[in-house]
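From first to last, the protein sequence lines are chains A and B. The numbering of the first sequence is this note's numbering, which starts it at 1 and goes up by one. The numbering of the second sequence is this note's numbering, which starts it at 1 and goes up by one.
These aren't lab readings, by the way, just hints derived from the structure by calculation. Misleading hints may appear alongside valid ones.
Said to hold, decoys possible - Some chain A residues close to chain B (C-beta under 8 Å, calculated; not the full set): (1) Phe60; (2) Pro61; (3) Phe106; (4) Gly107; (5) Pro108.
The beta carbon of each residue, even a glycine, is placed where N, CA and C say it ideally should be.
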Amino acid sequence: KAGVTQTPRYLIKTRGQQVTLSCSPISGHRSVSWYQQTPGQGLQFLFEYFSETQRNKGNFPGRFSGRQFSNSRSEMNVSTLELGDSALYLCASSSFTSGSYNEQFFGPGTRLTVL
Amino acid sequence: AQSVSQHNHHVILSEAASLELGCNYSYGGTVNLFWYVQYPGQHLQLLLKYFSGDPLVKGIKGFEAEFIKSKFSFNLRKPSVQWSDTAEYFCAVIPRGASKIIFGSGTRLSIRP
């Protein structure tokens, strides 16, 4: 099985712009989660989608949004970029068996730099 | 609120030293437990997991972890570390039936050659 893929791998934007990141989960996985990773804050949970519905949301401002498509692919959008949004954005997919989540499989991440 | 604590933020060891990284969680019910590793420049990958059964779990690269329910702990161990173990290690918990995985803040492991 192919792993989780994320595009693009690197992005450079300027303050005020908006950006869309894409994630393709492992085939058959219906849960997709997004994380922001920075050296100072560690791994911060953004949100999780399951079958096109947002099921969990972290403590991020409304500038951060996402969606999931019927094929389980997911996109994350950040509007009005700020310098502090510079980070590695990770996507993870997971299967769901017998009422319980299995381990998450992570993609390589998108490195976003805001100038 | 449910949380995962990794008290050691940065651990520095010499090669061949023994390793134990602490992980404690706050949730009274049944949980699934994980340790992930992120090597420099690489993406997060699963080291080992515990769902049920033998509380001593063996993972890849000689790592193991022990689930102690009474202590709400899932500490990661390795008897003899190598320079290639330099990485960041994350403990994670999913309360059984929940839809959200909770990660600890991570422990950076540096190995002196």
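Here's how the hints hold up against the structure:
| no. | hint | verdict |
| --- | --- | --- |
| 1 | Phe60 | 14 Å, violated |
| 2 | Pro61 | 19 Å, violated |
| 3 | Phe106 | 4 Å, holds |
| 4 | Gly107 | 6 Å, holds |
| 5 | Pro108 | 5 Å, holds |
Going down the numbered hints, you'll see the structure goes against 1, 2, while the others check out.
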